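**Student:** Given the sequences, and given the hints that come with them, work out the whole structure.
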Amino acid sequence: MHAETATDRKAAALAAFKDLPHEPGVAKPDPILVVDNVVRRFGGLTAVDVGHVEVQRGSITALIGPNGAGKTTFFNQLTGFDTADSGEWTFNGRKMNGVPAHKVARAGMVRTFQLTKALSRLTVLENMRLGAQGQKGENFWRALIPGSWRGQEDQITARADELLARFKLDAKREDFAGSLSGGQRKLLEMARALMVEPELVMLDEPMAGVNPALTQSLLGHVKDLREQGMSVLFVEHDMDMVRDISDWVIVMAQGAVIAEGPPDTIMSDQRVIDAYLGAHHDAPLSESELEEQLHEAEEALEAEIQEESK
Amino acid sequence: MNWDIILSTTLKAAIGVETVWYALAAIGINIHFGYTGLLNFGQSAFLAVAGYGLAVTVTVIGLPFWIGIGVGLVAAVLLAFLLGIPTLRLRADYLAIVTIAAAEIVRLIFRSVEFKSVFGGSDGRRGFSQGFYEINPYAEGTYGFWPLSFNEREMWVLTVGWVLIAIACLIVFLLMKSPWGRVLKAIREDEDAVRSLGKNVFSYKMQSLILGGVLGCLGGFVYGLATGSVQPDIFGTETTFFAYTIVILGGAARVFGPVVGASIFWVLLVLVNGLLSGAVQSGVITFMDITQVGPFRFLLVGLGLILLLVYRPQGIFGDKRELAINAR
Amino acid sequence: MKIVVTTESGQPVQEVTSNAQGTWEVPIEEPGQYKVTLDAATLPQNMAIRGGNNQRAPTVYEGNPTTVLFALQAKAADGAAAPDEGGGSAFWQRAAQLTFEGFNLGLIIALAALGLSLIYGTTGLTNFAHGELVTLGALLAYLVNVPFGLHIVPAAVIAVMLAGGIGYAQDRFFWGQLRRRGTGIIAAMIVSIGVALFMRYLFLILFGGETQAYAQYNAQAGLQLGPISATPKNLISMGIELIVLIAVGFALLRTRTGKAARAVADNPALAASSGINVDRIIRIIWTGGGAIAALAGVMLGLSQNLKFTMGQELLLLIFAGVTLGGLGTAFGALIGSIIVGLFIQVSTLWIPPELKNVGALAVLILVLLFRPQGILGRRERIG
Amino acid sequence: GGGSDTASQSTPSSAAPSSAAPAAEGDGTLTLGTLLPQTGSLAFLGPPEFAGVDLAVKEINEAGGVLGKDVVKIHTDSGDTTTNIASQSVDNLLAQKADAIIGAASSSVSETVIDKITGAGVIQFSPANTSDTFTTIADKGLYFRTSPPDKLQGRVLGDLIVADGNATVAIMAMQDSYGTGLADQVVKTVQDGGAEVVERVDYDPKAADFAADIAKIKAKNPAGIVLIGFEETAKVINELVKQGLPADKHKWYMVDGNTSNTNYVDMPKGTLKGVKGTIPGAASPEDFQKKLLEVDGDLEDFSYAPESYDAANLIALAAEAAKSDSGTAIAAKLAEVSKGGEKCDSFPTCVELLKAGKDIDYDGVSGPVEFNDAGDPAVATIGIYEYGDDNKYGTKAVEYRTGNIEG
Amino acid sequence: MNAVPESKAAVTDRSDHLSGAENAVLRCDELIAGYLPGVNILNGSDLYVGDGELIGIIGPNGAGKSTLLKAMFGLVDIRSGTVTLKGEDITNMKAHQLVSRGVGYVPQTNNVFPSLTIEENLEMGAFQAPAKFKERFEFVCELFPALKERRKQRAGSLSGGERQMVAMARALMTEPSVLLLDEPSAGLSPKLQDLVFLQAQQINKAGVTIIMVEQNARRCLQICHRGYVLDQGRNAYTGTGRQLADDPKVIELYLGTLARA
Ligand SMILES: Nc1ncnc2c1ncn2[C@@H]1O[C@H](COP(=O)(O)OP(=O)(O)OP(=O)(O)O)[C@@H](O)[C@H]1O
Ligand SMILES: Nc1ncnc2c1ncn2[C@@H]1O[C@H](COP(=O)(O)OP(=O)(O)OP(=O)(O)O)[C@@H](O)[C@H]1O
Ligand SMILES: [Mg+2]
Ligand SMILES: [Mg+2]
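As they're listed, the protein sequences go chains G, X, V, H and F. One point on numbering: in the numbering used here, the residue at position 35 of the first sequence is 35, and numbering is uninterrupted. If you want the numbering used here, it's the position in the second sequence, counting the first as 1, plus 310. If you want the numbering used here, it's the position in the third sequence, counting the first as 1, plus 638. If you want the numbering used here, it's the position in the fourth sequence, counting the first as 1, plus 1021. If you want the numbering used here, it's the position in the fifth sequence, counting the first as 1, plus 1428.
Derived by calculation from the structure, the hints in this document are not laboratory data. Treat the hints with care, since some could be wrong.
[Claimed, not checked] To be clear about the criterion: a stretch of chain H counts as covered by chain V if any three or more of its residues have a C-beta under 8 Å from a C-beta of chain V, and this derived list gives those stretches:
1) 1065-1071
2) 1255-1266
[Claimed, not checked] With a straight-line cut-off of 35 Å between C-alpha atoms, the simulated DSBU-like cross-links for lysine-lysine are:
3) K495(X) <-> K103(G)
4) K10(G) <-> K1677(F)
5) K673(V) <-> K1360(H)
6) K1290(H) <-> K871(V)
7) K487(X) <-> K103(G)
8) K1241(H) <-> K673(V)
9) K1227(H) <-> K426(X)
10) K223(G) <-> K1619(F)
11) K871(V) <-> K1227(H)
12) K1209(H) <-> K673(V)
13) K1270(H) <-> K871(V)
14) K495(X) <-> K136(G)
15) K10(G) <-> K1619(F)
16) K1270(H) <-> K673(V)
17) K487(X) <-> K136(G)
18) K1272(H) <-> K871(V)
19) K1619(F) <-> K18(G)
20) K426(X) <-> K1241(H)
21) K673(V) <-> K1272(H)
22) K1270(H) <-> K426(X)
23) K1209(H) <-> K426(X)
24) K95(G) <-> K495(X)
25) K1619(F) <-> K28(G)
26) K1413(H) <-> K871(V)
27) K1376(H) <-> K1090(H)
28) K223(G) <-> K1677(F)
29) K640(V) <-> K1209(H)
30) K136(G) <-> K630(X)
[To be verified] The following residues of chain X were derived to be distant from chain V, with all beta-carbon distances above 10 Å:
31) L373
32) P447
33) Y448
34) F460
35) I574
36) I600
37) F627
The model shown is predicted, which means the values in this text are computed figures rather than measured ones. Note that beta-carbon positions come from the ideal geometry of N, C-alpha and C, so glycine has one too.
**Tutor:** The structure is reproduced here in structure tokens:
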């Protein structure tokens, strides 16, 4: 049964994208997030200048682009962590500009941080529990009466344990989050965001630094999220991952959206290759290519040495 | 050396009035700093507004004692709002300085000639404690057993004080085990992360500031009632510093840390003094005279503090592992 | 002039006429309140009673004489000429003087703040013993100046060097060891409170509780420069302070060691990985910080005399200055401190001097409301 | 205040010996505790006060002690109000069965411990408190003080200022009960006398500097400037000279807290020439100061040493008179030995008279010291001194004025 | 977590592995190290790298890869075992001393000075050889042109990838003889990842010995001479890059099949 719905959802998502033109700012049939004219400048630098972009509900959308393209800054604007110079956006039809970060999260739009924010002196489990919404025990007066929140806490713990097992953090359950390795922090960051049970989860490079074998198993989980009706918007530089799970890809460069489309189309788009992917993105280096590469390198080196000896 | 007296004064210090009110102030700081990470260096202002709230209400306005207590509590809550609204957005170290500044402003106003008619200038106010001692259940007499003895007034203040400490500790214990406490601790670690998880950080910080302020301000009442007076200078930065020292000594973010810390602090202060003056009087120490005992005591207390923190940086109850996590 | 003395109820006691010096005397039987009236008609021509009132009501106490004064002034002076009625110009003159004083005080605070800021910046230590380092400098200079009898200028130089050495030793044998043990910055902060107590009371034991002054330049007379009175020592001190502040500020921004200091502040482990000898840099900073604090102490001592609590009493203002300017930035400390100094002094134009610190501290809070990172501080990016 | 207001006690506790420390019954040895500043912002006042007590106790014991036994003294630290040391020190003194405690110097500190001390049936005797509060405080008749009588000093000083012909007067007063109390009295006298107080600045003695305060005074260009404070006056003078208000253009007046022969000697010659200061006490302080220096050679300031000395002597005499060393018994005799009887001015002579069964009237170094019902001194002598070219005041007062403090 | 399953024997046994270590530039023997008292993260790992070799270290998250690099670089307390650099025992030597011996290091996280500008960051990279700064600066700016335009921007405001560039560039400022890289390609765009791998190879060719920790494991194994698979603080597998990349066990446990082989 599970498998069936899985294919259904994926099919639905793909169907929604099928007839869309591959151009920046294209309107989606059922957008969960609609962004208009968001601009953010730092001094003379325009970090973000997005004209119009929509994110389809129930889909997995990738946001890619060169380093410094403004992806993270864009996330910051949308989630209320930074104030945009201008622009407006709606989430589920609700205006979200100027809404403080915690309200954005409560509305169902949750983000993770590229530079992880582990709550160091809380255990991994406590980190997870914190993510849960609508906790009775988070009210001052109820907190004083343990009976009033114990039951809910147990449910939350069960859910947290489930996620931890999935993210291979169950062994670290009782350790301080501050003692996790770089990759483990990434995992915790993402798992914690999922505890919120958001409608739209925005992941900022969730898999950078995560072991490939684990990445692979986690992709299954992300797909599951889609099956549960969640929408996912993620930033990633790992093209294998983008290709594998995304239904739609949005490309940013120098603050603006420069292309949109399904993964395959995007990855063969010359502009995207030039700006972002580079020559070797696609094929793994074959033996001969490797040789050639090294050869080139040697020549360059030679030249350099000659230069130096002059 | 008179060991009896050294022992009895030391024991008395371990549970005495100073220990009580410093412990209360420190419990408040523990909530602010230990659990929430708010470097509130203006704790003495909470004690001050509570003490003065009570004193001014009773002596200047002439209202009954209980209303004075109410006014003191309300004043502490108001101060928390006044202090919190502008400052809670600040980074920890900025917050520290701003709260010191705010506390100094409060103290300077209380001690000013300008407002002498209300706050009594540098001499402060007295004569507001009758209401408290009128309900003293202890009959006149001396209580306790060797080497401790208290008169009925001290007994009454101490009873109330320790009951307040017990209640405060219970509240802290319950809260910090709860999800509410978890949010505070998370804010201490990284407030942006907490925000991203849908918690209203400002509101929690404010709740923490109010709770810690109100628990701390009880110390102001105890001080005022025990000495029968309030003076502006006791509510200076020194008091806050000592309260911080107490928190760290006991171990930050530990329920009983402040209480044990306060005991240790005062025991240290009194014991050092007892030993020193004993040694000087009996001629064991000859390199200083008796009037230098005072400064020497503080010098040794400073040294003791240093050594304690060098050899047990996590405090008495603290967890060394926690310390290792955030060490730079 | 004729003077009439009556009892409170108006019973006449005596009438006298003043002698050539203008004095007079009336013997009185009973203590109590009396009325003394000067007959205005008997005044010399062109003279009037200051304030116009020709009646006084002194209380006479048993066994003690009581004096009554009728100050006279030229009649023509009725209008604007009275000294205290200069109104506007007096206000501006005072404002100018206070502005000068603001810079004077601000620069001393800045100098002390610079040392604090350097040490905070590189080690993260909120050093509550910094006030005592200031005191230390002042007292060292006193030691060389008064008991040894050296002139204050060489004494100051020696004191600053000694204090630098002590700063070095402090890190070498104390703070450095703590760092090695992995003492956290909060624990270190509390340790610094312990150090402050230790040093302060050591000073009390060795130096005593009294206020002292250096042998030279004590109570130096002021020069009148336009609307401002200033002593030569003030002017020279301010010059030295400004030079030191700017030199150190630029050193931090421009020299390799300065940059390394900021790198250590940011991330000591990474600094070490870049080949920076972190301990060495921190030691340089401690040496410099100690020396600068000492210089601040000498300057403070020159303008305000010496006491074992002198640094402690300045500490809050130092912190305020550092914070206002933006923590960890040298020029921030300078600007912040001068603002603090200015507000302390200039605010007394409107508020009673006893509350002058209130003005400065309130400004600190206000500024941080609008610039939470301090004037020159920068906000970190999120995410 | 002291004397007879036990009845007005409103708290349920009382001085009934049952509740008090054992000392209240007396154990035959007069134990004098001191609660004086060894640390804190008033630490500079400590040494002279301790020396005053030490000198007195030394003389008493040389004269055979009290009730045939040597007087025992226990020194403790009162700190200042920023720390709560005083309370612990009192615990310590009470535990050691002190019969009387000399202290504290600061009115504020005294207020925090008065309940504790008097509640234990022990005398609290301050050499330096000037706050009005103590006149009416509930103290079971156990609080006394020899502190300089503000009212009289203020009156004498105020009259002096008027007599010198100062039509306009500015006052720089240290902002505490000593400074403001004295300043209030000066203002009143000066105004009654027909001169105008053009400016009054209450300053915080801990302030970083006094430039603003002086600037405020300068703006009014007063003929006379009154400096009320302690040793920080040296800083104030620095500032006065700097801003162009020197003593040769404006007349300066000082009070007992800052009329000092040591604080200003380093200043340029003539800085204080002609400055007048008032000091309570009928004799020039010089001789007494010499004796003090024998006790403590490091003394630089002598503030409140006479008052401390007198306090110790009075307690000892009262104990002799009461033939008991219990606090309450001594308190009952204190007023008696201070006035009405044969005058004497040192413990040995007084105690001789007492032993001869005579009524005595102790006249101390700080003044005639006659206690009123509130335990406050009722009569005082104020000496007026004038500074010379060497920035020291003459050994002989220009004038002495004795009067009832209340008038 | 430290209970290493004994059954999972390393592919090579210790003496076998170390037989090639005769002339190693840098070698670690039976390192035991950790952060918290009583908890060892490294449980006796061995590693050697010969002159001019490029070594890859891969493994699951939390295996102790970064810890191993930090231990070699004197940033973690070594509890037992030794680290040797060109025959000299450098166990627990301070980082800056290693830098002067020609070792360079790029940490995985916190790898820039946030309040310094990019230029100053790079200047710190050349701290011990200020004379070379200009020339090296030009060199790294050529590699990462983005840095040059931004030279006056504070590193704290940079994007994740830009920081990574700065970190890499900082290490390249010194021309070290041994370079320790902790996930140099993380967070970089595919184009720049290529560049980093290429650059590593190129530097290596020029004679620099490199130890590289990577989660981009396949790419890493492709370019390195030898690889180590670290698991739970021990070497689980060693071999040449090819051997490891083709080992089905390694693929299953550590490499995954997502990237097209
Ligand atoms: N606070 C700031 N001040 C100045 N410049 C900033 C600030 N924040 C971001 N920038 C600049 O804005 C640009 C966009 O940064 P952003 O972090 O959004 O990039 P990104 O697309 O997430 O890159 P990456 O893939 O490397 O994470 C960068 O060039 C960065 O240097
Ligand atoms: N500062 C620290 N304090 C305590 N434990 C730590 C610390 N850093 C890492 N650890 C623990 O050491 C183990 C190894 O961490 P390390 O960073 O070496 O892993 P890693 O192999 O580099 O992983 P990743 O690929 O995720 O970066 C982890 O289990 C982690 O929990
Ligand atoms: Mg980014
Ligand atoms: Mg790692």
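**Student:** Would you say I574(X) is clear of chain V, with no C-beta pair closer than or equal to 10 Å?
**Tutor:** holds, 13 Å
**Student:** Please verify whether K1413(H) and K871(V) have alpha carbons no more than 35 Å apart.
**Tutor:** holds, 25 Å
**Student:** So if I understand the rule, the pair passes when the alpha-carbon distance is 35 Å or less; does K426(X) with K1241(H) pass?
**Tutor:** holds, 25 Å
**Student:** Hinted pair, alpha-carbon criterion (35 Å max): K1209(H), K426(X). Please report holds or violated.
**Tutor:** Roughly 18 Å between the alpha carbons, so the hint for K1209(H) and K426(X) holds.
**Student:** Taking only the CA atoms, is the gap from K1227(H) to K426(X) under or equal to 35 Å?
**Tutor:** holds, 19 Å
**Student:** Is it true that the CA of K487(X) sits at most 35 Å from the CA of K103(G)?
**Tutor:** Holds, at about 25 Å.
**Student:** Is it the case that F460(X) keeps its Cβ farther than 10 Å from each residue Cβ in chain V?
**Tutor:** Consistent with the label, F460(X) stays out of reach of chain V, its closest Cβ about 29 Å off (over 10 Å).
**Student:** Check whether the Cα positions of K1619(F) and K28(G) lie no farther apart than 35 Å.
**Tutor:** holds, 30 Å
**Student:** Quick one, are K223(G) and K1677(F) close enough, alpha carbons at most 35 Å?
**Tutor:** holds, 26 Å
**Student:** Would you mind confirming whether the straight-line C-alpha gap from K95(G) to K495(X) stays at or under 35 Å?
**Tutor:** holds, 32 Å
**Student:** Taking 35 Å as the top limit, are the C-alpha atoms of K1619(F) and K18(G) close enough?
**Tutor:** With a Cα-Cα distance of about 29 Å, the restraint between K1619(F) and K18(G) holds, given a limit of 35 Å.
**Student:** Within 35 Å, alpha carbon to alpha carbon, are K1270(H) and K673(V)?
**Tutor:** holds, 32 Å
In summary, the structure agrees with every hint in the numbered list given earlier.
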